[in-house]
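J.: Spelled out from the first residue to the last, the chains are:
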Amino acid sequence: MAEVSYPDDLLYHPEHDWARIDPSEPDLAVLGITWFAQDALGEVVFFEPPTPGTRLVKDQPYAEVESVKAVSDVVAPLSGEIVEVNDALADGPHAINEDPYGEGWLVKVRMSDPAECEALLDADAYGASLG
Amino acid sequence: MRRTPLYDRHVAAGAKIVDFAGWEMPVQYPDGVRAEHMAVRERCGIFDVSHMGEIETVGPQAEALLQRLLSNDVSKIAIGGAQYSVLCDEKGGVIDDLFTYRLERERYLTVTNASNHERDLAWFRAHAGDFDVELHDRIDDYAMLAVQGPLAREIVQAISDAPLPARMTAATRRLGGADVLVCGTGYTGEDGVELLLAPADAPGLWDELCHCGASPAGLAARDTLRLEACFHLYGNDLSLDRNPIEAGLGWCCCEDTGFIGSEAIREARSVGAPEKLIAFEIDGPGIARQGNPIVGGGVVTSGTLSPCLDVGIGMAYVPAGRIAVGTPLQIDVRGRLREAKVHTRPFVEKKA
Chain A
0 MAEVSYPDDL LYHPEHDWAR IDPSEPDLAV LGITWFAQDA LGEVVFFEPP TPGTRLVKDQ
60 PYAEVESVKA VSDVVAPLSG EIVEVNDALA DGPHAINEDP YGEGWLVKVR MSDPAECEAL
120 LDADAYGASL G
Chain B
201 MRRTPLYDRH VAAGAKIVDF AGWEMPVQYP DGVRAEHMAV RERCGIFDVS HMGEIETVGP
261 QAEALLQRLL SNDVSKIAIG GAQYSVLCDE KGGVIDDLFT YRLERERYLT VTNASNHERD
321 LAWFRAHAGD FDVELHDRID DYAMLAVQGP LAREIVQAIS DAPLPARMTA ATRRLGGADV
381 LVCGTGYTGE DGVELLLAPA DAPGLWDELC HCGASPAGLA ARDTLRLEAC FHLYGNDLSL
441 DRNPIEAGLG WCCCEDTGFI GSEAIREARS VGAPEKLIAF EIDGPGIARQ GNPIVGGGVV
501 TSGTLSPCLD VGIGMAYVPA GRIAVGTPLQ IDVRGRLREA KVHTRPFVEK KA
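Chain order of the listed sequences is A and B.
The numbers in our numbering rise by one with no breaks, and the one at position 125 of the first sequence is 124.
Each position in the second sequence, counted from 1, maps to that position plus 200 in our numbering.
A couple of the hints might just be wrong.
[What the hints assert, rightly or not] Far from chain B, some chain A residues (derived; all Cβ distances over 12 Å): (1) Asp38; (2) Val56; (3) Glu63; (4) Val67; (5) Gly91.
[Claimed, not checked] Example chain A residues on the side facing chain B (calculated, C-beta under 10 Å, incomplete): (6) Glu42; (7) Pro51; (8) Tyr61; (9) Ser66; (10) Val70; (11) Glu83; (12) Val84; (13) Asn85; (14) Asp86; (15) Ala87; (16) Ala89; (17) Asn96.
[Said to hold, decoys possible] Label-pair restraints from in silico Cβ distances: (18) A:Arg54 x B:Pro230: 35 to 45 Å; (19) B:Thr544 x A:Pro60: 35 to 45 Å; (20) B:Gly214 x A:Ala124: 24 to 34 Å; (21) A:Gly130 x B:Ser470: 56 to 66 Å; (22) B:Gly413 x A:Gly130: 33 to 43 Å; (23) A:Asp112 x B:Pro399: 21 to 31 Å; (24) A:Pro60 x B:Thr527: 32 to 42 Å; (25) B:Thr527 x A:Ala89: 48 to 58 Å; (26) B:Cys410 x A:Glu83: 57 to 67 Å; (27) B:Gly526 x A:Gly52: 51 to 61 Å; (28) A:Asp112 x B:Cys508: 42 to 52 Å; (29) A:Pro6 x B:Pro493: 40 to 50 Å; (30) A:Thr50 x B:Gly214: 35 to 45 Å.
Treat the hints as calculated values from the structure; they're not laboratory data.
Here a beta-carbon is modelled for each residue, glycine too, at the ideal position from N, C-alpha and C.
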């Protein structure tokens, strides 16, 4: 399993999701769950990506990750439309545990309201919120 | 919250700890559930199950009391024998499922599920008044370790002062430096033993068995293993509102012994149950969970991803006409219909 980390270049939602915005594509965001979320879940055994075109609403669940015993909602940190999903996870979702910020990315969205980023936390604030 | 004598070992090993029936228990260790599960199927795993309860029944009418309480024929348990049964109420609803070991002619030990121990004990006590017996709550006197897998007996035998008892028997042995009640029972579908011993001796024996090749495994792996073996879990597949006939446990009920609930169960057996517990396998992706409805009637009681088969498996109550192996089912998994089929039991056979 991965070491604890909350990369500085990401934005965080209190429900343990992250967003990465690449300055070269400022209206797109890659989304995933944080180290804290995958650690709380334990070993992820199933993740079925939503279909491209699905609309996300900030603070609403848009997908589920499953461990052997439980199902957890994944909350959207930002609103937008899914333009790409991580299909590789359907074959084996272990990347969500092993590399939650890299290979474990879940979806890429075209943001409908980039100003929503201002409500998200930076790595320090998110880390502090975990207590 | 209670802790077993091995709590510090689990924390030191990096286990994720959860609340289970009022006990802080390891749900998985850092290598993950799949690794723990496969270790049991292929080699040897070790589980701390010290949270389970024990009730000792002693005296000239110990057999008579147990015959009244337990569904199975207690007179068939030889000294040193083990027997599975259910504990029922007057309506034939299941209060718990239990293993009982006959330690001496008039001394029996019944192992209870952690979540039901207090209720079981109260039930035993409520019905013991007319019998010449003593009942002792032994939960604090025993720690319990389960050592399971194709190599389990070999590993435990190597530190035992005498041959281990066979399957479905129990005997005291000296393992390492400790006196241990060794039971030829288990909940994984693999061969192995369950060890009952003084709490103070548990950490030392745990360390020695781990050193000899047993891999620590937590409650999550315990559930995936038992589900592949189609063993019942109380609170999922068994409950007060289901009788043993529906649950497929008619085999451990001997109504002629006159146990509490026997009349209701005799009736259910002769009339037939409207719903019965079956095993199912999902066709394709998805994992069904407890509570998911079956289209056309029935409900999922247990579900997980099978580490051995890499597919969703589970158990469900379905209408009696749909229990044949191969019957197609549709399971409503949180609004999405998943196709499944009734499957043979168990899903995974014991390694030879």
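J.: Each hint needs a verdict: does it hold in this structure or not?
T.: The hints, checked one at a time:
Against chain B, the non-interface label of A:Asp38 is violated: not every CB pair exceeds 12 Å, the least being about 8 Å. Every beta carbon of chain B lies more than 12 Å from that of A:Val56, the smallest distance being close to 18 Å; the non-interface claim holds. Against chain B, the non-interface label of A:Glu63 is violated: not every CB pair exceeds 12 Å, the least being about 8 Å. With a least CB separation of 5 Å from chain B, A:Val67 falls inside the 12 Å interface cut-off, contrary to its annotation.
The claim that A:Gly91 is not at the interface with chain B is violated, since a C-beta of that chain comes within 12 Å of its own (minimum 9 Å). Hint status for A:Glu42: holds, given a least beta-carbon distance of 4 Å to chain B, under 10 Å. Interface restraint check for A:Pro51: the shortest CB-CB distance to chain B comes to about 18 Å, outside 10 Å, so the restraint is violated. Against a cut-off of 10 Å between C-beta atoms, the interface hint on A:Tyr61 is violated, since the closest Cβ of chain B lies about 14 Å away.
Proximity of A:Ser66 to chain B holds as hinted, the smallest CB-CB distance being about 8 Å (cut-off 10 Å). At a threshold of 10 Å, the smallest CB-CB gap from A:Val70 to chain B is about 7 Å, leaving the interface hint in force. Look at A:Glu83: its Cβ only gets to about 20 Å from chain B, farther than 10 Å, so that hint breaks. Hint on A:Val84 is violated. Least Cβ distance to chain B is approximately 14 Å, over the 10 Å limit.
Interface hint at A:Asn85: violated, since its Cβ lies 15 Å from the closest Cβ of chain B, which is beyond the 10 Å cut-off. Checking A:Asp86 against chain B: minimum C-beta separation of about 12 Å lies over 10 Å; hint violated. The criterion of a C-beta within 10 Å of any C-beta in chain B is not met by A:Ala87, whose closest approach is roughly 14 Å, and the hint is violated. About 7 Å separates the beta-carbon of A:Ala89 from the nearest beta-carbon of chain B, less than 10 Å, and the hint is met.
The beta carbon of A:Asn96 comes within 8 Å of a beta carbon in chain B, closer than 10 Å, and the hint placing it at the interface holds. As the Cβ distance of A:Arg54 to B:Pro230 is approximately 38 Å, the hint placing it in 35 to 45 Å holds. Between B:Thr544 and A:Pro60, the C-beta spacing of about 37 Å keeps the proposed range 35 to 45 Å intact. A hinted range of 24 to 34 Å for the beta carbons of B:Gly214 and A:Ala124 is consistent with their spacing of about 28 Å.
A hinted range of 56 to 66 Å holds for the C-beta pair A:Gly130 and B:Ser470, which are about 60 Å apart. Taking the beta carbon of each, B:Gly413 and A:Gly130 are about 39 Å apart, inside 33 to 43 Å as hinted. Taken as a hint, the range 21 to 31 Å is violated for the pair A:Asp112 and B:Pro399, whose Cβ atoms sit roughly 59 Å apart. Against the hinted window of 32 to 42 Å, the Cβ-Cβ separation of A:Pro60 and B:Thr527 comes to about 34 Å, which satisfies the hint.
Between B:Thr527 and A:Ala89, the C-beta spacing of about 28 Å breaks the proposed range 48 to 58 Å. In this structure the supplied range 57 to 67 Å is violated for B:Cys410 paired with A:Glu83, their Cβ-Cβ distance being about 45 Å. At roughly 37 Å, the beta carbons of B:Gly526 and A:Gly52 sit outside the given window of 51 to 61 Å. For A:Asp112 paired with B:Cys508, a C-beta distance near 46 Å keeps the hint of 42 to 52 Å intact.
Our hint of 40 to 50 Å for A:Pro6 and B:Pro493 holds, since their Cβ atoms are close to 42 Å apart. Between A:Thr50 and B:Gly214, the C-beta spacing of about 37 Å keeps the proposed range 35 to 45 Å intact.
Checked against the numbered hints above, the structure violates hints 1, 3, 4, 5, 7, 8, 11, 12, 13, 14, 15, 23, 25, 26 and 27; every other hint is satisfied.
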